[in-house]
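J.: Could you slot chain V onto chain D? The hints should help.
The chain contents come next:
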Amino acid sequence: MSADTIIIIYWWLFTIAVVLGAVGTVSLRSLYHAALSLVVCLAGVAGYYVLLNAEFLAAAQIIIYIGAIMVLVISAILVSENIMGRQIVMVNRLVWPALVASGALFCIMVYANMRTVYAFNPEGQWLESNVRQIGWSLMATYTLPFEVASLLLFMALMGAIIISRREKPGD
Amino acid sequence: MIIDSATIWEACRSLLMGWGLGYPAAQVIMLLVAFLVVALFAIVLVLALVLIERRLIGWIQLRPGPNRVGGRTGWLQTVADALKLLYKEDIVPLNADRPTYFAAPYAVFMPVLLMLVVLPFGVAIINGTYRFYVVSDLNIALLFILAMGSVELIGVIMAGWGSGNKYSLIGAMRAVAQLISYEVPLVLALVSVALFAGSLSLVDIVQRQSSTWAIFPLFPAFVIFFITAVAETNRCPFDLLEAESEVVAGFHTEYSGMRFALFFLAEYLAMWVMSALIVLCFFGGWKGPMFLGEGGLWFTSMFWFMAKSFFFVWCFIWFRGTFPRIRVDQLMVFSWKVLLPVAVVQVMIVGWGITYRNPWFSANLIPKATAVEAYGGLIGGFDYMTTPEALTHLTTPELVAFGWSVLGAIVVILLLGAMFYRTIRGFRPSRDFQREIELKIMRLEDAKGSE
Chain D
1 MSADTIIIIY WWLFTIAVVL GAVGTVSLRS LYHAALSLVV CLAGVAGYYV LLNAEFLAAA
61 QIIIYIGAIM VLVISAILVS ENIMGRQIVM VNRLVWPALV ASGALFCIMV YANMRTVYAF
121 NPEGQWLESN VRQIGWSLMA TYTLPFEVAS LLLFMALMGA IIISRREKPG D
Chain V
1001 MIIDSATIWE ACRSLLMGWG LGYPAAQVIM LLVAFLVVAL FAIVLVLALV LIERRLIGWI
1061 QLRPGPNRVG GRTGWLQTVA DALKLLYKED IVPLNADRPT YFAAPYAVFM PVLLMLVVLP
1121 FGVAIINGTY RFYVVSDLNI ALLFILAMGS VELIGVIMAG WGSGNKYSLI GAMRAVAQLI
1181 SYEVPLVLAL VSVALFAGSL SLVDIVQRQS STWAIFPLFP AFVIFFITAV AETNRCPFDL
1241 LEAESEVVAG FHTEYSGMRF ALFFLAEYLA MWVMSALIVL CFFGGWKGPM FLGEGGLWFT
1301 SMFWFMAKSF FFVWCFIWFR GTFPRIRVDQ LMVFSWKVLL PVAVVQVMIV GWGITYRNPW
1361 FSANLIPKAT AVEAYGGLIG GFDYMTTPEA LTHLTTPELV AFGWSVLGAI VVILLLGAMF
1421 YRTIRGFRPS RDFQREIELK IMRLEDAKGS E
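Chains as they are written, first to last, in our numbering: chain D, 1 to 171; chain V, 1001 to 1451.
Hints listed in this document are in silico derivations from the structure and should not be mistaken for laboratory results. All values derive from a computational prediction rather than experimental measurement. Warning: the hint list may mix true and false statements.
Here are some of the chain V residues that sit facing chain D, going by a computed Cβ distance under 8 Å [what the hints assert, rightly or not]:
1. 1147
2. 1154
3. 1441
4. 1444
These stretches of chain V come out as covered by chain D in the derived footprint (C-beta under 8 Å, 3 or more residues) [what the hints assert, rightly or not]:
5. 1129–1140
6. 1155–1163
7. 1232–1243
Covered, in the sense of this in silico footprint (three residues per stretch, anywhere, with C-beta under 8 Å from a C-beta of chain V), are these stretches of chain D [stated by the list, open to error]:
8. 28–39
9. 69–78
Cβ coordinates follow ideal geometry from the N, Cα and C atoms, glycine included.
Chain V on its own, in the form it takes in the complex:
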């Protein structure tokens, strides 16, 4: 039994058409609704992200202020920031190239907003049908996101040149160099995912990760994707294009008020979109234990998706709090000499594994083969969590693959757990750095003494 599936957007449109509206009217109304929902979600999300980032960075850098000022949790500070940006004077430099100066913030913000259109947030079962929470389940969703990322780059160049400022221009040139070189490993990491899932549609990619998350067979691709995602969103340690100590604020130095706010929104939204993409491509999207049963799937799927994506937002902020900014030459060398070869080898290995049906790379196909047998085709908990009963239906190579998945999961959890433990135990970079320097001095003195 194949369960019919569609997006919640299409369901609402056919509901409107059922009320007697024509197709074009229903389409236009639903487009407006989708725009409102996406825009509201984006604004609320960015306000939340700014609050989270400020508090976390304050906590990591041992600055008590952000966690105490502004309401009990610091939320008032975010509201005050937003109001300040709204009321700030809008300054246009005399030297600016006016058309591009005015168009640039929109050219940066709109592509990022459009990326939200193809991200599936979850799934609900309505009348025995999967309804995915996504505005448009494009069959080229991954390519669409990459395309929007490249349009954003044009906006960055427009902002850098349009400001008529040397620092902005240098920031824009750095952006071109960095984003182009990091886009190559990013795309190659996504190619592994597309090969593994056999589709470019994000809904399909998530549905194919039923028994095993793609991170286990594709761990190197995940590491590459995470690093390049940090670089693509211009965040520390890859924030050379807006490095305060070198180029003031990079391409948006000359912007103020609402125009600056658009860049700001785009940056934080891109950070969330990238973590959502990590979750969708490597961590099974909305899949997780269905603790409310099938009827509550509409809630649990969204809960797991948001929980996982906010975990990766947390990782992004953790990155920023942990690593110092790298130099330009290190940036280029790292992309072209480390990430690119590893990504190419990864693609070759995945292609080999899929061509020769290596169980390690086709573990995602396990439940499709056994689900019908185990549950008579019903949408059980099976599609969302591997159950002990399902294990009895597996053949030997499938069992081997499952075992590898479990082993990989344990290793990853131990690794992340150890890193988390080190962080909350009070890892103080400055103190450790000081100790290292003292040790070096001692060693030097020892060397002198022995001479």
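Just chain D, with the same shape it has in the complex:
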């Protein structure tokens, strides 16, 4: 048993979580359970990021996808009374084209995964922190795209507020 064995064990754990979570997301009958299995899937992806020596990305994945997006999705499901707790058929007549498309995507992912070099080295030491590099590239090299993205998000936020705001009779 070598250090590589440990990383392979971790890889399999994360893979099982991702695959089970993804299958659960599309096959569970209750939307609430489907959302929870999507949480498991996203957590597994964060695990992959750790194996690729991208801890910052892993933490961001958990904070943004699980802590913000999935919480919003779940609370949206909870407040929609007509779908909460009801069993829904998750399949329609497009199931076969969807299966073909996702099968093709799966093949591409397997190919990409086989070519990936995992950054974990046998001495058990993590590589140099890349938080600083991410900060530099966001704030120096790619400032314009970063700012444009934040402006876009800000506009989306404003738009959501304006659309959902209830008009007062006096306005």
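T.: Frame of chain D, contents of chain V only:
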């Protein structure tokens, strides 16, 4: 001379590997040891916290019972509570969504336990090397703690919906609203700290607070962080999601026995983790006077860390004993209209100060510049306490910054001291409230009389 540094966990692992064990075996053994240590620490800590909270609340609310019953200090009551929880019947509601109902306590408890992994407890000097008491010195430790906090929120939602109870669901919805809105100022307050220290690793953040604690330049961030920490741990006055008079017990209404105990453990552990985070980010972590010298640093560092963190635990309990629960609308308005703007302005000011090297915001860099000169690079008392000799090595802007720090320290100590004095002098909220009402009635009567 740069002193080599590593965690005590890595040191033990290399010790095991020195005995002829392979890397994977040593890693697995050390993971098990770390799990045992963290879990035991968590359980003992929570028992102590429950005892402290019961006694303090009893003392603040003038109830003599908790301070007299159960042994001489009330400790037997805590043991009895723990045993009762262990032997209680485990009830599963008929209406429950069983998989999420069973998974929820673990989804709430495990993230909080994992937070302990990145908290540095202290430092020892072994063979001229810093060995930090931390399981893993992640370079994203602050983000890791925030991430674990958001996973905990998923657990709360699972508990609320899985119980199949209206009150639990309302509690969970309140939890979502409250935790999401208070996470924003919390993160912004931590951003100021990360900017000030130039790192996200908790060990680095503590090491950067050598001459001045981060609370002095970042006082508004500290206030914001303290308030949001109280809100994030769902404690009074922000305990709307488990308000007894409104939603029974919130998301854990339907839980009993060991499952309830896990929620209970998570809540108290989160309270301690938050106070430890306050200490690490704003109060110099394990740094304090080294009264046992360098050889005793392994003890003094832990002593100061635990003393400071328990002071903030005490503050949390004091908060609970002092403030009434606030309303939902007040909660939201306070977060979005007060805390958020202040936090944003604070981040802007800190960013400005660091970009233009304002001495007030770079006071943490003072000893790094002068330590080598003053002590020839030795790890003297200097790294842990500003000495009079070190002051002679400072340049004028550094002296100005140090002066500001001292002034800030005096103001904070006076403020806290005055509050403490008011508390121990026998501040009785009910009596003061009564007086206020009497005064109001008198004023009303005066107004009537003058008409």
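J.: All hints, please: hold or fail.
T.: Status of the hints after comparison with the structure:
no.	hint	result
1	1147	holds (4 Å)
2	1154	holds (6 Å)
3	1441	violated (37 Å)
4	1444	violated (33 Å)
5	1129–1140	holds (count 3)
6	1155–1163	holds (count 3)
7	1232–1243	violated (count 0)
8	28–39	holds (count 4)
9	69–78	holds (count 5)
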